[in-house]
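Chemist: Listed below, chain by chain, are the residues.
Number of protein chains: 2
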Amino acid sequence: MRIALDAMGGDHAPVPIVSGAVQAVTADPDLTLVLVGDRAQIEPILESLNAPADRLEIFHASQVVGMNESPVEALRKKPDNSISRSWQLLAEKKVDGIVSAGHTGAMVAGGLRLKRFLPKVRRPGIATVMPTAKGSCVILDVGANVSPKPSHLLQYGVMGSIFARHILNRDNPTIGLMNVGEEAGKGHDLAKDTHNLFHASPLKDRFIGNIEGRDIHRGVCDVVITDGFVGNVVLKVCEGVFDFVMKMVATEVLGALSVEKLQAQMALKGLIEKYDYSSFGGAPLLGIDGICIICHGSSREKAIRNAIAVAAQYGRNKLNEKITQELDALPTGSDEE
Amino acid sequence: MRIALDAMGGDHAPVPIVSGAVQAVTADPDLTLVLVGDRAQIEPILESLNAPADRLEIFHASQVVGMNESPVEALRKKPDNSISRSWQLLAEKKVDGIVSAGHTGAMVAGGLRLKRFLPKVRRPGIATVMPTAKGSCVILDVGANVSPKPSHLLQYGVMGSIFARHILNRDNPTIGLMNVGEEAGKGHDLAKDTHNLFHASPLKDRFIGNIEGRDIHRGVCDVVITDGFVGNVVLKVCEGVFDFVMKMVATEVLGALSVEKLQAQMALKGLIEKYDYSSFGGAPLLGIDGICIICHGSSREKAIRNAIAVAAQYGRNKLNEKITQELDALPTGSDEE
Chain A
1 MRIALDAMGG DHAPVPIVSG AVQAVTADPD LTLVLVGDRA QIEPILESLN
51 APADRLEIFH ASQVVGMNES PVEALRKKPD NSISRSWQLL AEKKVDGIVS
101 AGHTGAMVAG GLRLKRFLPK VRRPGIATVM PTAKGSCVIL DVGANVSPKP
151 SHLLQYGVMG SIFARHILNR DNPTIGLMNV GEEAGKGHDL AKDTHNLFHA
201 SPLKDRFIGN IEGRDIHRGV CDVVITDGFV GNVVLKVCEG VFDFVMKMVA
251 TEVLGALSVE KLQAQMALKG LIEKYDYSSF GGAPLLGIDG ICIICHGSSR
301 EKAIRNAIAV AAQYGRNKLN EKITQELDAL PTGSDEE
Chain B
1 MRIALDAMGG DHAPVPIVSG AVQAVTADPD LTLVLVGDRA QIEPILESLN
51 APADRLEIFH ASQVVGMNES PVEALRKKPD NSISRSWQLL AEKKVDGIVS
101 AGHTGAMVAG GLRLKRFLPK VRRPGIATVM PTAKGSCVIL DVGANVSPKP
151 SHLLQYGVMG SIFARHILNR DNPTIGLMNV GEEAGKGHDL AKDTHNLFHA
201 SPLKDRFIGN IEGRDIHRGV CDVVITDGFV GNVVLKVCEG VFDFVMKMVA
251 TEVLGALSVE KLQAQMALKG LIEKYDYSSF GGAPLLGIDG ICIICHGSSR
301 EKAIRNAIAV AAQYGRNKLN EKITQELDAL PTGSDEE
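Top line first, the protein sequences correspond to chains A and B.
Read in this note's numbering, the first sequence has 50 at position 50, and its numbers run on one by one without any break.
Read in this note's numbering, the second sequence has 36 at position 36, and its numbers run on one by one without any break.
No lab work stands behind these hints: they were computed from the structure.
Hints may contain errors.
Which copy is meant is left open, so a pair is good if it fits within one copy or across any two.
[To be verified] Straight-line alpha carbon distances no greater than 30 Å define the calculated DSS-like cross-link-like pairs of lysine-lysine that follow:
(1) Lys77 <-> Lys186
(2) Lys204 <-> Lys134
(3) Lys261 <-> Lys78
(4) Lys192 <-> Lys78
(5) Lys322 <-> Lys94
(6) Lys261 <-> Lys247
Turn these sequences into a full structure, and let the hints guide you.
Modeler: Put into structure tokens, the structure is as follows:
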């Protein structure tokens, strides 16, 4: 398994990114990583870490897409950036997958402009794992496709199910459609048409119908299907509420304690780490011909190590072959562009 | 000020609803409430509470819309339900406003079918107050209008600002547009067109542009504008994450304590009550000719009392006259149906 890692991507790059790479190859003897980025910065970090040199290659890229740049413009103005070079390695089949904690928009734009999708895939979607009262679920799309057709969402049902089965280990993953109410007939045209399409599709047995916003964290289903606009807002709202509530708890609950304040602080810290949205191993861009994992910009060693492990598992479980097989069994959407 | 209260609406009706009504008239000497619902159930509750009979009237309605009924069907099959009767009192100008913790969908459908909107209002929207790191903000629409036009959202900008100014006491309320990124040009067509419309409108000085999901609870603006689909999902996701996190804290943080467990438990309980989404005084349906406050189905005395107080404040501050004046200054949308 060969995976390209954008060594320059993320708020804290390159040190914790390279360090996460070293941890990943140390944990996985069948893994080789290609670190894409500035050789002059990466080499000294590898040397300082006593890294296994034979499974950590460097692919030099002289430019970096800044976290606040306009993605399309940055990709155009900086042809030698680490994100485009990573995609190029994937397109040329020199690696099986790519991982980056860099600019999400640039990662998606870089992938979409290559147009190397799996057969039958109409639009790739970003999947994210979320914690729930019953463990976790996967929600997609969270931002690649803000104006999807119902048939795109049906395809996300296939891709999400395969991800839930092989990465989250659900034997019979269930699918819910994000909507404003549970009854059929709720929501806007996209929601109504998608609901009907799922019901008439080979996925109907695992489709539990519409779910509401509060159902996600209750864990009512394994796969949450939504358009990239709603999914992106939901993902960031969850982050916002989590941060907000944790700060309130730190102030008000810890503030009420004296002798056991330290114990409570430790427990709260553990809980924040456990449910930290950035530690779930990154978000795969599903539907690409290859493996692409997008990490949170705030990723450090652990998040990078987890994301690389997910990429390797994704490849070894041949998720893309399974996606292609299952999409073959789906009827072609009547909303074809 | 005369307000009709749906005495039968909500998960716990009628006892805490009627009790909240008694508290409200006791606190406000210029308020009269019309309790709409089953006289045989309401009278004994009033008697047991020693209520001031002269400012608590009963308007008998023999039917109730169940919380799980299809709203449109229920309104049709049960003409004497307490929600329809409340709307009727408003339409006949026998009350200044109505308050209900009953079926939200039925409340909205009941109001929309009457079509008694303020002049110039194209589509009413539901506004909800949310807690933020800087106090609170108002978000609309959260469910009345799942497929709005940009001009509807611009009108929500006016209505939300007036609400923020007079109910949340913000002198110069700022407006943000819910989107998937901060840069102009982000999002789907509705988001892009709405962004442009705000920028070209008299609201441009208070419009801060696009905001992302995590910005809501950071309190980056006073008014969050979004379509009813996204707003509804956001509202319920917030509830879901809040519940989920509070349960985790109860298990993991309280579980780590022994001698100060009780103190932590009390602090956590206080925090849940303080930030409980149901205690923010209900959600007004803005744009109606009259006052309409929709409460959470789980409302008890305090939530009902708060909602009635908001309705009275809304009327005394003449919010509807201000909405009408400010809408007069807006250009008519080019997306007129």
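Chemist: State for each hint whether it applies.
Modeler: Hints and how they fare:
1. Lys77 <-> Lys186: Answer is between; shortest inter-copy Cα gap is 20 Å, intra-copy 45 Å.
2. Lys204 <-> Lys134: Classified as within; 23 Å inside a copy, 45 Å across copies.
3. Lys261 <-> Lys78: The answer is neither: 50 Å in one copy and 56 Å across copies each exceed 30 Å.
4. Lys192 <-> Lys78: between (42 Å within a copy, 27 Å between copies)
5. Lys322 <-> Lys94: within (22 Å within a copy, 65 Å between copies)
6. Lys261 <-> Lys247: both (15 Å within a copy, 19 Å between copies)
Hint check: a violation occurs at hint 3 only; the rest are consistent with the structure.
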